[in-house]
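Start from the sequences and build out the full structure, keeping to the hints where you can.
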Amino acid sequence: MTVSNKQALNVSDEAMCPHRLVLEHVTSRWGVLVLIQLMDRPHRFSELRRAIGRVSEKMLTQTLQTLERDGLVHRDAKPVIPPRVDYSLTDLGREAAEQVRGLAEWTSRRMGAVQEAREVYDARKRGSEQG
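Using the working numbering, read the sequence shown as starting at 1 and increasing by one per residue.
What the hints contain is simulated information worked out from the structure, not anything from laboratory work. From a predicted model like this one, the values you see are computed outputs, not experimental measurements. Ideal Cβ placement from N, Cα and C applies to all residues, glycine included. Any given hint might turn out to be false.
[Unchecked claim] Estimated spans, in silico, between C-beta atoms of each pair:
{"id": "1", "residue 1": "102", "residue 2": "24", "range": "23 to 33 Å"}
{"id": "2", "residue 1": "79", "residue 2": "119", "range": "50 to 60 Å"}
{"id": "3", "residue 1": "110", "residue 2": "20", "range": "19 to 29 Å"}
{"id": "4", "residue 1": "123", "residue 2": "61", "range": "34 to 44 Å"}
{"id": "5", "residue 1": "76", "residue 2": "107", "range": "23 to 33 Å"}
{"id": "6", "residue 1": "18", "residue 2": "62", "range": "16 to 26 Å"}
{"id": "7", "residue 1": "62", "residue 2": "91", "range": "22 to 32 Å"}
{"id": "8", "residue 1": "121", "residue 2": "79", "range": "54 to 64 Å"}
[Unchecked claim] Quick list of in silico lysine to any residue cross-link-like pairs, SDA-like style, CA-CA up to 25 Å:
{"id": "9", "residue 1": "58", "residue 2": "88"}
{"id": "10", "residue 1": "58", "residue 2": "28"}
{"id": "11", "residue 1": "58", "residue 2": "90"}
{"id": "12", "residue 1": "78", "residue 2": "49"}
So this is what it looks like as structure tokens:
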């Protein structure tokens, strides 16, 4: 599929189901971490990247642009030398961040139960493959 076809498909997907697309942006691997990290205070790009960890410059840039386009993140470029750009949450972004933070906290609280379920599943799967 060519880039122009992908872009046309993305526009079509967005027109058909815009809330699903926003949900994907908010709950993406990096979207969740960006939103949660920006809850405390604005961050410069490099400090946001360090705080999140293991995210490439390209992925963080794309995630920030997507969240900015959705109205969740505000990009404040200050006209100084060297250039300074700060990222912060908009009111809409803060609302979304509070929701995903709740999910992240639940995940942290319930990780033991998830791990148990995985072990039971894996044992059952190994048993069915042997028998």
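The hints, checked one at a time:
| no. | hint | result |
| --- | --- | --- |
| 1 | 102 x 24: 23 to 33 Å | 18 Å, violated |
| 2 | 79 x 119: 50 to 60 Å | 56 Å, holds |
| 3 | 110 x 20: 19 to 29 Å | 25 Å, holds |
| 4 | 123 x 61: 34 to 44 Å | 43 Å, holds |
| 5 | 76 x 107: 23 to 33 Å | 31 Å, holds |
| 6 | 18 x 62: 16 to 26 Å | 19 Å, holds |
| 7 | 62 x 91: 22 to 32 Å | 23 Å, holds |
| 8 | 121 x 79: 54 to 64 Å | 55 Å, holds |
| 9 | 58 x 88 | 19 Å, holds |
| 10 | 58 x 28 | 15 Å, holds |
| 11 | 58 x 90 | 22 Å, holds |
| 12 | 78 x 49 | 19 Å, holds |
Against the hints set out earlier in the document, a violation occurs for number 1 only.
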